[in-house]
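S.K.: These are the residues of each chain, in order.
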Amino acid sequence: MSDSNNKWIGENTIRPDGADKVTGRAAFAADTSMPGMIWGKVLRSPHAHAVIKSIDTSKAEALPGVKAVMTAADIVDFPVDTPVALGIQDMRWMCRNVMAREKALFHGHPVAAVAAMTEAIAAEACKLIEVDYDVLPHAIEIDDALADDAPILHDWMEFDGKPSNIAGTIEHSKGDVEAGFAEADVVIERDFTTRPVHQGYIEPHACLVSVASDNKTTIWSSSQGQFMVRAMVGLLTGLTQSDIRAIPAEIGGGFGGKTIVYLEPLATILSKKSGRPVKMTMTREEVMRASGPTSGSKSTIKIGVKKDGTITAAEGLYWLQAGGLPGAPVRGAVGCALAPYDIPNGHTLGYDVVCNRSKVAAYRAPGAPIGAFGVECVLDELAEEIGMDPLDLRLKNAAKEGTEAVHGPVYPVMGYVESLTSAKAHEHYNAPLGPNQGRGVASGFWFNAGGESSAQVNITEDGNVVVTTGHPDIGGSRAGIANICAELLGIDYKRISVLIGDTATIGFSNLTGGSRVLFASSMVVTESTRTVIRTLCELAAKIWDIDPDAVTWEDGEARPAGANAGKFDPLTLAELAARANETGGPIGAGAQVNTTGAEGGFGTHICDVEVDPELGIARVIRYTVLMDVGRAVHPAYVEGQMQGGAAQAIGWALNEEYLYDKDGKVDNPGFLDYRMPVASDLPMIDTHIIEVPNPKHPQGVRGVGEVPLVPGLAAVRNAVHNATGIRFNDLPLSPPRILAALDVREAAE
Amino acid sequence: MAKLHISTTINGEPEEFLCTPDETMLDVLRNQLDLTGAKEGCGSGDCGACSITLDGTLVCSCLMLAAEAEGKAITTIEGMAEGETLHPLQQKFLEEAALQCGICTPGMLIAAKALLDENPDPTETEVRFWLAGNLCRCTGYDKIIRAVLDTAADMRGAS
Chain A
1 MSDSNNKWIG ENTIRPDGAD KVTGRAAFAA DTSMPGMIWG KVLRSPHAHA
51 VIKSIDTSKA EALPGVKAVM TAADIVDFPV DTPVALGIQD MRWMCRNVMA
101 REKALFHGHP VAAVAAMTEA IAAEACKLIE VDYDVLPHAI EIDDALADDA
151 PILHDWMEFD GKPSNIAGTI EHSKGDVEAG FAEADVVIER DFTTRPVHQG
201 YIEPHACLVS VASDNKTTIW SSSQGQFMVR AMVGLLTGLT QSDIRAIPAE
251 IGGGFGGKTI VYLEPLATIL SKKSGRPVKM TMTREEVMRA SGPTSGSKST
301 IKIGVKKDGT ITAAEGLYWL QAGGLPGAPV RGAVGCALAP YDIPNGHTLG
351 YDVVCNRSKV AAYRAPGAPI GAFGVECVLD ELAEEIGMDP LDLRLKNAAK
401 EGTEAVHGPV YPVMGYVESL TSAKAHEHYN APLGPNQGRG VASGFWFNAG
451 GESSAQVNIT EDGNVVVTTG HPDIGGSRAG IANICAELLG IDYKRISVLI
501 GDTATIGFSN LTGGSRVLFA SSMVVTESTR TVIRTLCELA AKIWDIDPDA
551 VTWEDGEARP AGANAGKFDP LTLAELAARA NETGGPIGAG AQVNTTGAEG
601 GFGTHICDVE VDPELGIARV IRYTVLMDVG RAVHPAYVEG QMQGGAAQAI
651 GWALNEEYLY DKDGKVDNPG FLDYRMPVAS DLPMIDTHII EVPNPKHPQG
701 VRGVGEVPLV PGLAAVRNAV HNATGIRFND LPLSPPRILA ALDVREAAE
Chain B
750 MAKLHISTTI NGEPEEFLCT PDETMLDVLR NQLDLTGAKE GCGSGDCGAC
800 SITLDGTLVC SCLMLAAEAE GKAITTIEGM AEGETLHPLQ QKFLEEAALQ
850 CGICTPGMLI AAKALLDENP DPTETEVRFW LAGNLCRCTG YDKIIRAVLD
900 TAADMRGAS
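So the sequence lines, in the order shown, correspond to chains A and B. The opening position of the first sequence corresponds to residue 1 in our numbering, with each subsequent residue numbered one higher. The opening position of the second sequence corresponds to residue 750 in our numbering, with each subsequent residue numbered one higher.
A portion of the hints provided could be inaccurate.
So the derived label-pair ranges between C-beta atoms look like this [as the list claims (entries may be wrong)]:
hint: 1; chain 1: B; residue 1: R905; chain 2: A; residue 2: T596; range: 51 to 61 Å
hint: 2; chain 1: A; residue 1: D148; chain 2: B; residue 2: D783; range: 57 to 67 Å
hint: 3; chain 1: A; residue 1: N430; chain 2: B; residue 2: A822; range: 45 to 55 Å
hint: 4; chain 1: B; residue 1: D903; chain 2: A; residue 2: D243; range: 45 to 55 Å
hint: 5; chain 1: A; residue 1: N6; chain 2: B; residue 2: L753; range: 58 to 68 Å
hint: 6; chain 1: A; residue 1: G275; chain 2: B; residue 2: A822; range: 36 to 46 Å
hint: 7; chain 1: B; residue 1: E765; chain 2: A; residue 2: M157; range: 56 to 66 Å
hint: 8; chain 1: B; residue 1: R905; chain 2: A; residue 2: E427; range: 23 to 33 Å
hint: 9; chain 1: B; residue 1: D771; chain 2: A; residue 2: S213; range: 51 to 61 Å
Selected chain B positions facing chain A (Cβ under 8 Å, derived; list incomplete) [what the hints assert, rightly or not]:
hint: 10; residue: K788
hint: 11; residue: C796
hint: 12; residue: A830
hint: 13; residue: A846
hint: 14; residue: C853
hint: 15; residue: P855
hint: 16; residue: F878
hint: 17; residue: L880
Selected chain A positions facing chain B (in silico; Cβ < 8 Å) [as the list claims (entries may be wrong)]:
hint: 18; residue: I14
hint: 19; residue: G18
hint: 20; residue: V22
hint: 21; residue: Y201
hint: 22; residue: E250
hint: 23; residue: G253
hint: 24; residue: I474
hint: 25; residue: G476
hint: 26; residue: Q643
hint: 27; residue: G644
hint: 28; residue: M676
hint: 29; residue: A679
hint: 30; residue: S680
hint: 31; residue: L682
Bear in mind the hints are in silico, worked out from the structure with no lab data behind them. We put the beta carbon where it would ideally sit given N, CA and C, even for glycine.
So here's chain B without its partners, still in its complex pose (with noise of 0.2 Å):
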């Protein structure tokens, strides 16, 4: 099979690579390019471990094909954090406990940035609905969801 020749950007940084046309993003993401943070749960758009933003939108990088990272800005687990600075996000999970075995983690952090960069005020359940498609066998979520709220109204204290 042919590589095709994909020219992206990935967590702000310009990015070529090759792909097969079938090859999914999580696979170039993972086996290419050395990011592994998102990870492969279930392969099926299920579980939410392997999301990404494409153009800001959230996505299951198992569900996209690398070809259509053509000209597209895509953001990692990687390139949450500000050099050493965590994202409040990142930094509320680490205080309040909102991760335990932590596979769930970059997807659920990736999925809740997706939500407050459009809904700066969520209530608890929109939280939960947003984050339905991330699963996570640990925690009994309660405290992803506590982590999530307190995260938002700090961040609207600080703006």
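The shape of chain A in the complex, shown without the other chains (with noise of 0.2 Å):
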């Protein structure tokens, strides 16, 4: 849906920082220095599940070029009795996920930091500091985490009543599912696994950190949250949020992955005890080990069917990997998993599971394709059983405008089924295979989000724009919100500048996730701008003599309302400016919103395989995302997502994996071990945007980030079962996961 009077909104502008991302410029947080800066460096656990008996950092103290050392006794403790929320996070785990408290939890986990001259000195401290270890037993996989004999990771954990490594569940229910099954014609039930997988942005995690001798401390690091890591910094070093001044450099990906601190308290507290600004940075190993990648999971999927194809009753059962401390996506599982459908009966219900492994952080819609990936591939086989084609079960059964959602809400006007009916008239879906080659589809869900968004817009002498914001620029927003502050203002977008606020000048804002920064921004970007033209019509008014309600704002400039408002030449944005001292003073307004009316987003993948039957690779030949995304603002930035979120997939699917030796120790911490799709590995990939608008957004946005990868996973484990006829059921469809099934069934022939 475009509307044709839209300027700017709907238009591939060139974001505004751009030409600096091109030249080499921008400056990430490892780009950033200062004068007396040192060098910060980790130590960290070689073992997977220890007690840590003593630390002995005396030697290392001892060393030439070290300034400071520090360790979990240095960190505020949040005792593990009393929970304390932070957003999403709860403190008493990201105070031991930062550095080991009473027990390393994984191999990799933080137990010491060093501050010194140089990173070499400080690597060479490390090794000195004597660290008395118990070492203990590990549970690194789901069924080894859950086993009687399991090693309990927390004396503080029960569940029915036992020690146990389930650290919560969460549950959805609607209507009566025996009842359900009982009405089905075929119902039928498969287990799945997928395997943890890593956000894999290309930039490690950077910081830093000065603190002044009189606390008042600055930040520089790379995050999706400025204020996240503001408040995080704070209840850690138990500094006060006023004294720190956190500012987002540009960051280098993220995708859920940082939305938490993992270096920022620790340079804040070697600074402070050093007196020198800290620079960190996490090598790629290290990012490997001790960051978090999402988890990995078992599920068990029932779906009940007649034979005309309606869903009578849907249940799936889903354990989450947390990693060492609690905080598996399970909602994301349990609530996404059936979300696209109208099913009368549903149930699903999720653990938390805690394991000897890094703890997990978010990962593009988290949880979200772990609970689509059984689903998908259930009604899939379901299709195939009663002989009806996969997109059409999933029409028959799609939710729409009033379904009720086995997860709660009831769905407004949204655009899921157009994605299924798109994608079944796509000439994609009715292109003819060659040998060896399969086709799948499957269908995705994410929430999106809403929350507390700030900007400020403030009119420049000359009549140009700047336009402040506090979320960081991960994919491309600043062109978005110029778009849309262009549109607004009538004028051209490059007279807009688009900036991030540090904490200390632009109002509170939440993360950079959840799919929510445009949608959010956006809405307080268009309070603001919309204060700012009321003020120009005042301006106006106030120089022709007339009311302000007779002026109106048309195409950068203030025009007479009509006839009876009187004759006068009209007022461009910069005449205003210039003459704003005489008017009034300063143009500008900031609005700071707690937004609410995000809405969920929809989406249809459509993905071709040809399977090479000697080797067993499976290599996607061609791929097709179909999406609701609200409104498009800068389509060439949404397809960018599209795009982006199914190479991920793409990779979750085929390839990546995290391995393990026996000892609990990753087994393949680098870009070369751990395979993330290459521009080799891929086709171009098309995208098709369905643009449903969002009735309670001023643009009608939606979020677009991380509904791409939701479907990903089972589109290609379908495309792979039609090509080779076989059902797999467990990610990574890797070479040798392949081979060896196309071997079982040769030696069965």
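Two chains, two frames, a set of hints: combine them into the complex.
M.R.: Here it is in structure tokens:
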């Protein structure tokens, strides 16, 4: 739905930060430095599970060049018996994740940190720290953690009245599932597993922190939220938030993995102790060992349908790995699993399971791809069983306006059905396939999110515009904001600069995450811009000496509102700005809103693969993403989100996984062995943008960042099934796994 | 460790620096010469974010010892535009939204330029294999590949 009256919304403008990014000028966190700066380095646990009996840092402190050494004793402790929530994070786990307290819970868990004149000296000093460990048996996989004789990670954790590695459950229920299955003609129940995968942002975590002697603290860091950094560093170090200025560096990817802190509190403590600015960066190996991947999972999915394709009941049971501390994305899995469908009887239940891996962090629609995977695979099998086209089966049961989802909400107007009908009609879906090729489809849902957002719109004296928001720009959000502001003001988008404010210069704004940024920031930018326009009309009214209500704003200028207002030549933004001093002073307005009205997003994927029968390699040869985005404010960056999400899903489905050795140590902590898709692995990724505007947003925006990952795992798997005739229920579909299944089939034939 | 004195050329300008024998070119560029356009994504030559050219050959600066720069000519992303004029690849990356977070972009541009210098008329497959050493996690590569192919076509048309 494009509005022909729009000049900038829907235009593929050049992003305001573009020239900086293509010339190497843009300052990412590791690119900043300060006079007197020293380097911090982390000592990490060599054991997957061990009690820390004592730490002796004296030899490290004595090494020439070392300026400060710290351990968990320097971090504020949040005792485990009292929850302390900060957003969706609990500080009890955060304080133990940034540095091991009672126990090291995974190989690579920080145990101490050093700041020294050079990174090499800091690394040398780490080796001199003596840690006395009591090594314990470890549990890496879900089944290991749930076994009767499993090592229990936390003596304070109980489930069903017994010591357990289950940290909690989330459940959704609707109707009567047993009665629903009794009505079905066909019921299929299958078990699935997915492996932990890493967000894989190309920029490792990095920060530079300067703490002055009066505690005034400046933090430059790579994060998805400078206000999150301020709050967490404040809580973990005991500094007051108003003393901390968190400056968002350009961020080199996050996908959810930079919604928490790792290095910032350590660098802050080291800076305070040393009196020097401290820079810390992670190596890629540290990123892989000790920053959040998403969960591995196992699940059991059961769905019943009538012969005509009507789903009568569906059930999903999920176990998700949290890593060493509670917090697997269970809500996303159980909430999104059945969300695309109108199901009368549904039940989902998920378990949060701790194990001796690094603590998971959010990853693009956290939990939802895991939730959708099994459901979309079982639907594929049901379609085959009843002889129905898999898209028709989804259409028959598609959620639409008024549907009550299994996870609770009643849906407003939305474009899921359109994604299915567009897929059905798409040339891709109807193209012929060659030998060893197969086609798969799948759908997916993500909640999307609103939340706190702040913006300031200021008119410069020369009649241009500076917009400041509080959300790090992770994938082009500045461009969308410039388009919206230009549209509202009726001026060229190039006259608008979009800045990301730091915690001292803009009001509180929540994380860049949850597909919420353009939704929320454009709301506050719209409100601020409308206030600015009112002010401009008032200034014109003052100049013309008429009532402000008799002035309208059109095409970047104030005009008399109709013949009765009087005859005056229009006043442009630049003319009004130039006369601002004589008519009332600076022109600018801000807005701070806890935004609501984010509505869920839906998408459908079509994937073609070709499987090499000799090597077991499944290669994606064609891929199409169809998705309701509400309104594509900047279509090229919307497409980019759709393509990037699909590429991550392809990696998750085909190759990516953490491998561990018998000692519980990650065996593939680098890009060579942890195989993310490279350019030659992928085809062009087609996109089909569907625009069913969100009525609760001034521009109709829904979130677009996360839905694109959700259907991809099952779309790829269903394609591999179609190519081979084998139903693979365990990801990734790496060559050894496919080859083994082909060999088994050959032996049986 | 005694430091070595290195005389080299960076982005067309003579440059001298001191480095230890085990220091990488990437560390010297970033930490001594204030040329932070080359990024460290992996430190093991797998991601391409630190790509530079050495006497015209594409290299990962994280895998190159700084001492190897002696007498050679290095080009980094900071040397790609000519004054105010962006290289056609830089311009096309902007016009076609071939970057999202932007961390891989400098390395991607250096690698793409090295390709077009060698092969002004690459096929899509050739671009994909050439850029297989430059990881991007945001874009799914689609717009990057299109931008390189479109730039190549424009540059052939212009020459």
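S.K.: With reference to the structure, classify each hint as holding or not holding.
M.R.: Hints and how they fare:
no.: 1; hint: R905(B) - T596(A): 51 to 61 Å; verdict: holds, 52 Å
no.: 2; hint: D148(A) - D783(B): 57 to 67 Å; verdict: holds, 59 Å
no.: 3; hint: N430(A) - A822(B): 45 to 55 Å; verdict: holds, 54 Å
no.: 4; hint: D903(B) - D243(A): 45 to 55 Å; verdict: holds, 52 Å
no.: 5; hint: N6(A) - L753(B): 58 to 68 Å; verdict: holds, 60 Å
no.: 6; hint: G275(A) - A822(B): 36 to 46 Å; verdict: holds, 42 Å
no.: 7; hint: E765(B) - M157(A): 56 to 66 Å; verdict: holds, 60 Å
no.: 8; hint: R905(B) - E427(A): 23 to 33 Å; verdict: holds, 30 Å
no.: 9; hint: D771(B) - S213(A): 51 to 61 Å; verdict: violated, 36 Å
no.: 10; hint: K788; verdict: holds, 7 Å
no.: 11; hint: C796; verdict: holds, 5 Å
no.: 12; hint: A830; verdict: holds, 6 Å
no.: 13; hint: A846; verdict: holds, 4 Å
no.: 14; hint: C853; verdict: holds, 5 Å
no.: 15; hint: P855; verdict: holds, 5 Å
no.: 16; hint: F878; verdict: holds, 5 Å
no.: 17; hint: L880; verdict: holds, 4 Å
no.: 18; hint: I14; verdict: holds, 5 Å
no.: 19; hint: G18; verdict: holds, 4 Å
no.: 20; hint: V22; verdict: holds, 4 Å
no.: 21; hint: Y201; verdict: holds, 6 Å
no.: 22; hint: E250; verdict: holds, 7 Å
no.: 23; hint: G253; verdict: holds, 4 Å
no.: 24; hint: I474; verdict: holds, 6 Å
no.: 25; hint: G476; verdict: holds, 6 Å
no.: 26; hint: Q643; verdict: holds, 3 Å
no.: 27; hint: G644; verdict: holds, 5 Å
no.: 28; hint: M676; verdict: holds, 6 Å
no.: 29; hint: A679; verdict: holds, 4 Å
no.: 30; hint: S680; verdict: holds, 4 Å
no.: 31; hint: L682; verdict: holds, 6 Å
This entry does not satisfy hint 9, going by the numbered hints stated previously; all others are met.
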